[in-house]
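K.L.:
Put chain B on the given structure of chain A with help from the hints.
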Amino acid sequence: MERGLYIAASGMVSEMARQDLISNDLANASTAGYKSDTAVQGSFGELLLRNTETGATVGPIGQGSRIERQVTDFSAGPIKETGEDLDFAVEGDGFFAVQTGQGVRYTRNGQFTVSPQGTLVTAQGDPVLGRGGRALQVGADGRVDPRALEVVQLTNPRKEGDNLATGTPAGAAGTGQVRAGALEASGADAARSMVDMIASLRSFEAGQRVITTIDETLQKAANNVGTIGG
Amino acid sequence: MLEGLNTAAAGMAAQQTRIDAVANDLANANTTGYKHLRVGFRDLVYTQTGRSSAQGPRTGAGAAAVDAGRAFDQGALQRTDQPLDVAIQGEGFLRVRLADGTTALTRDGSLHVDGTGRLVTSTGAFVQPAMSIPAGTALSSVTVGPDGAVVAGGRSLGKLDLVSVRSPQALQPLGDNVFAATAASGAPRPAPAATTIAQGALEASNTDVSDAMVTMIESQRAYQLTSKAIQTADQMWEIANGVKR
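Just so you know, the protein sequences line up as chains A and B, in that order. Quick note, the first sequence lines up with residues 1 to 230 if you use the numbering used here. Quick note, the second sequence lines up with residues 1 to 245 if you use the numbering used here.
Bound-form chain A, shown alone (with noise of 0.2 Å):
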């Protein structure tokens, strides 16, 4: 009987994560080169249930289920032109390459600007890599060429925040063309963010329905079992 209980908190548990990443889609429902994610959800091992008696098979029994991890979506997104000198977008797969103090990282969102020293840098202040790993020199138009931009492909590629993401480089071949005066809009698609949330939530509210019922029942059988003229 009690099983029952945290099958459905279980349930209830992996609609609480989900609403996190579909929170996390909505917040960044602006950021430039954002990629939206998914979570995948899984059961947990079944169980086959015996007759303790007889020995004889009952059948499986499910345990509920997890979050178990959240795919990103790294597919291009919709190109939006914004006439800034600074703006960068690829199109296509590949990501620009960025020194942070952490290493190498990388980056979709082409939102730059000029650091004092009158490179090419982010909006957070960290080079933006050129052709053969060399920081960019702004021209004196205040114009960067596109095609001096460096563009990896990226496996296992892997979202850490400020826009970054770590990777194994695989090299350039198969990268789309970097386009200035443009941005790549934010991969979080708001309508379906909606509709998850919303199924997500009404997932949550049956989680809840299932653990009072369960509740009533072992009320009931607490406190009428035994009981003439209940």
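Since the hints were made in silico from the structure, they are not lab data. Among the hints, erroneous ones may be present.
[Stated by the list, open to error] With a straight-line cut-off of 25 Å between C-alpha atoms, the simulated SDA-like cross-links for lysine to any residue are:
| # | chain 1 | residue 1 | chain 2 | residue 2 |
| --- | --- | --- | --- | --- |
| 1 | A | 220 | B | 244 |
| 2 | A | 80 | B | 224 |
| 3 | A | 80 | B | 213 |
| 4 | A | 80 | B | 209 |
| 5 | A | 220 | B | 239 |
| 6 | B | 244 | A | 8 |
| 7 | B | 244 | A | 199 |
| 8 | B | 244 | B | 3 |
| 9 | B | 244 | A | 205 |
[As the list claims (entries may be wrong)] Simulated restraints on C-beta separations:
| # | chain 1 | residue 1 | chain 2 | residue 2 | range |
| --- | --- | --- | --- | --- | --- |
| 10 | B | 238 | A | 171 | 48 to 54 Å |
| 11 | A | 161 | B | 182 | 25 to 31 Å |
| 12 | B | 99 | A | 171 | 56 to 62 Å |
| 13 | B | 74 | A | 191 | 35 to 41 Å |
| 14 | A | 73 | B | 77 | 43 to 49 Å |
| 15 | A | 91 | B | 217 | 24 to 30 Å |
| 16 | A | 44 | B | 241 | 23 to 29 Å |
For every residue, glycine included, the Cβ atom is placed at its ideal position computed from N, Cα and C.
P.N.:
Then chain B, alone, in the frame of chain A:
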């Protein structure tokens, strides 16, 4: 669990910052020589949730606004035919001296003559090098050459000081259309030869009103959507509270 409340709140705060910046751009849509702001966003740190640390989902903490400086692209030139209106074409600023004696930079070239004949900007900063229009000279006889040379009634008064800095993004805005050079922006140096002065014109604000409106709508909708995430998280807490009656 349900960190979504804070995540969404961070996203809303970020949108608020962008709306503030757009409001400032729109308020300065008619400010001579105004350069619009660039606001970007970044996602925040991702943390592993759940017990199985290697496998659990990595949840982000929302978004924050980042200041990407100003867009120093050229504003449109507006013909005014006033002899003391000058517009800078190309990179650079006019060097001016503020009332407190400090040097500042401006692209607002709507010049005037003060009570003692000195050439000042619309906010009363003195044009550098200091020059005075001789008493009795008709303003219509004042000419300003493409290189900034000011001639009044046939007499040369000097050359407007056109300067540029290495990193205009790092200039400190002082209000009143003037900027101060900082260590990060680099000291003012002579502007490139390509920079010229156009007399009888003013440089309009480079705020694109339609762009700003679109950004405002986008921000407002994103703000609204994110607030729904807060509402949903709140509902979930309520439902969780309903487990024990």
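K.L.:
Look at each hint and say if it fits the structure.
P.N.:
Going through the hints against the structure:
no. : hint                         : verdict
1   : 220(A) to 244(B)             : 16 Å, holds
2   : 80(A) to 224(B)              : 22 Å, holds
3   : 80(A) to 213(B)              : 15 Å, holds
4   : 80(A) to 209(B)              : 17 Å, holds
5   : 220(A) to 239(B)             : 23 Å, holds
6   : 244(B) to 8(A)               : 14 Å, holds
7   : 244(B) to 199(A)             : 23 Å, holds
8   : 244(B) to 3(B)               : 22 Å, holds
9   : 244(B) to 205(A)             : 14 Å, holds
10  : 238(B) to 171(A): 48 to 54 Å : 52 Å, holds
11  : 161(A) to 182(B): 25 to 31 Å : 28 Å, holds
12  : 99(B) to 171(A): 56 to 62 Å  : 59 Å, holds
13  : 74(B) to 191(A): 35 to 41 Å  : 39 Å, holds
14  : 73(A) to 77(B): 43 to 49 Å   : 46 Å, holds
15  : 91(A) to 217(B): 24 to 30 Å  : 26 Å, holds
16  : 44(A) to 241(B): 23 to 29 Å  : 26 Å, holds
Hint violations for this structure: none, all hints satisfied.
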